[in-house]
Structures are given as structure tokens and as C-alpha cells.
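Novice: Sequences and hints are given; from them, build the entire structure.
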Amino acid sequence: MNALSAPCLHLLWAMLAMLLAGPLLADERSVRPGINRHYENPNWQQWVATFETPGRELYDRRHDVLRASGVRPGMHVADIGAGTGLYTRLFASRVAPGGKVYAIDISAPFVRNILRTCREQGLTNVEGVVNTPHALSLPERSIDLAFVAATYHHFEYPQDMLASIHRSLNDDGRLVVIDFRRHPRISSRWVMGHVRSGRNAVIREIQAAGFRLMDDLPLLRVNYFLVFRKTGP
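Residue 1 is where the sequence shown starts when you use our numbering, and the numbers rise one by one after that.
Hints listed in this document are in silico derivations from the structure and should not be mistaken for laboratory results.
Glycine included, each C-beta is placed from N, C-alpha and C at the ideal position.
Incorrect hints may appear among the rest.
Said to hold, decoys possible - DEER-style ranges, computed between Cβ atoms: (1) Pro-109 - Leu-66: 19 to 27 Å; (2) Thr-231 - Arg-112: 32 to 40 Å; (3) Thr-124 - Glu-52: 15 to 23 Å; (4) Pro-97 - Leu-219: 26 to 34 Å; (5) Gly-98 - Val-31: 33 to 41 Å.
To be verified - Mimicking SDA-like on lysine to any residue, the simulated pairs with C-alpha atoms at most 25 Å apart in a straight line are: (6) Lys-100 - Gly-55; (7) Lys-100 - Glu-120; (8) Lys-100 - Asn-170.
Specialist: So, in C-alpha cells, the structure goes:
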């Protein structure tokens with residue numbers, strides 16, 4: 001039997017490498033199938049009454065959160081899981097002039113209503129993006145800050161989403177993650193059952209995706225406030 005030629009050997013090695021890499025290239029499995037089903041056809045006014053009401057920490061402390069996020073004029077900010085646009089509108093005022101806010105949500109009705117309320121308030125520096133559960137759908141290195149408030153536990157594919165955030169951030173860009181503390185002494189039964197991971201697990205997950213923890217701000221009671229810096233290319 002004749003020996004294989006060099007081109008044939010190279011082809012065989014390439015095919016073998018693809019077969020071995022197959023499991024690594026497979027799509028990430030969902031960590032919480034159906035977690036975002038409630039937002040497929042949301043009742044806008046119902047969610048405004050839920051998200052923008054006294055007694056909700058992220059509403060009551062919104063101006064403190066805005067200051068702590070470090071947003072300033074000229075910045076490009078992604079409000080990821082923007083919901084009813086509470087923080088989108090606050091950021092839009094703060095980054096003007098010259099800045100821009102991407103209102104990103106997997107729910108098209110949410111994005112449409114955010115853009116409507118922004119127009120009604122004269123905010124012209126907001127762009128709506130309906131993203132997928134896997135990615136932000138933003139250009140590479142297009143934002144200075146990624147803001148994720150009460151949304152990280154809704155990432156159905158956290159590895160894919162973190163990779164997308166990493167690509168979308170400028171070099172030295174920041175990621176702010178605010179989410180529920182998962183602790184039996186301060187968390188409700190709903191939080192304990194709804195939120196898949198506590199603060200420490202979230203930190204490990206995000207750092208493994210190419211971010212460095214810069215700050216853990218003791219600003220909130222039922223939520224933690226983490227600030228990460230993008231590392232690597």
C-alpha cells in the first residue's frame with residue numbers, strides 16, 4: 001500500500017482536529033430554559049408598575065446607582081436588559097452631549113416602548129437593539145460601559161453573553177453588574193428560588209470570561225454592585 005502524500009496527511013490531521021474540537025465548539029447549553037418567557041409579549045404598563053415603583057431598591061436608589069456607575073458626557077453605554085428604560089433614560093441625559101446609549105433587550109415590545117418614551121422626553125441619543133439570548137448584537141469595541149442591572153440572572157447563556165459583552169467593550173472598558181444577593185437572611189423566598197447563583201459564583205463566572213473585579217460597592221442592601229474591567233484583547 002502506497003504511503004499517503006503530504007497533502008493527504010495534512011487533510012487527515014485537519015479532519016481529526018475538527019472532530020476532537022467538536023465538543024468545544026458546540027453551542028453553550030441553556031442554564032435556565034424559559035427564564036425569559038414572561039418577556040416575549042409583555043404588558044408594558046404592568047412592568048412599569050413593577051420596575052419603576054417606590055419600594056424597589058433599584059428605583060429608590062437610582063440616582064445613587066447612576067453616580068456610582070461613573071457615566072459621564074461623551075460615553076457610549078449599553079443598558080443590557082433595559083426593561084422599561086428607567087436607566088436608559090437616566091444614562092441618556094448623563095452622557096449628553098456627544099454620548100450614546102444602546103437600550104438592549106430580548107423583548108421587542110420593551111425596546112419599542114423605550115424608544116417611544118425617549119422621544120417623548122426629547123432624548124435623541126438612544127438606539128434600540130433587540131438582541132438574542134446569546135449576544136448583544138453590537139459592533140466590536142463600540143461601548144465604554146456595559147450596565148447589567150437585575151438582568152445577569154436572566155442570562156440564559158452566560159458564557160456566550162459575557163463573550164459578546166467582552167467583544168463589544170472598548171479596551172479598558174467597564175462592566176457593571178447589579179443583581180440580587182442570594183442569602184437566606186436577607187433574600188425573599190422568590191429570590192432564593194428564582195436567582196440561580198450568588199455573588200461569589202457570579203464573580204468567578206465573569207472573571208473567567210476575561211474581566212477583572214475592580215470594585216464591590218456596599219451601596220445597596222438587597223443587591224450587590226460589582227464593577228469589572230475588561231482584560232485581554
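Novice: State for each hint whether it applies.
Specialist: Here is what the structure says about each hint:
One distance hint, 19 to 27 Å for the beta-carbon pair Pro-109 and Leu-66, holds here, with the actual separation near 25 Å. For the pair Thr-231 and Arg-112, the supplied restraint of 32 to 40 Å holds, since their beta-carbon distance comes to about 36 Å. Taking 15 to 23 Å as the suggested C-beta distance range, the pair Thr-124 and Glu-52 conforms, at roughly 22 Å. Our hint of 26 to 34 Å for Pro-97 and Leu-219 holds, since their Cβ atoms are close to 28 Å apart.
Remark: the range hint 33 to 41 Å for Gly-98 to Val-31 is upheld by a beta-carbon distance near 38 Å. Between Lys-100 and Gly-55 the CA atoms are separated by roughly 29 Å; this puts the pair beyond 25 Å, and the hint is violated. Between Lys-100 and Glu-120 the CA atoms are separated by roughly 17 Å; this keeps the pair inside 25 Å, and the hint holds. Pair hint Lys-100 plus Asn-170 holds up; C-alpha atoms about 14 Å apart against a cutoff of 25 Å.
Consistency with the previously given hints fails for number 6 only.
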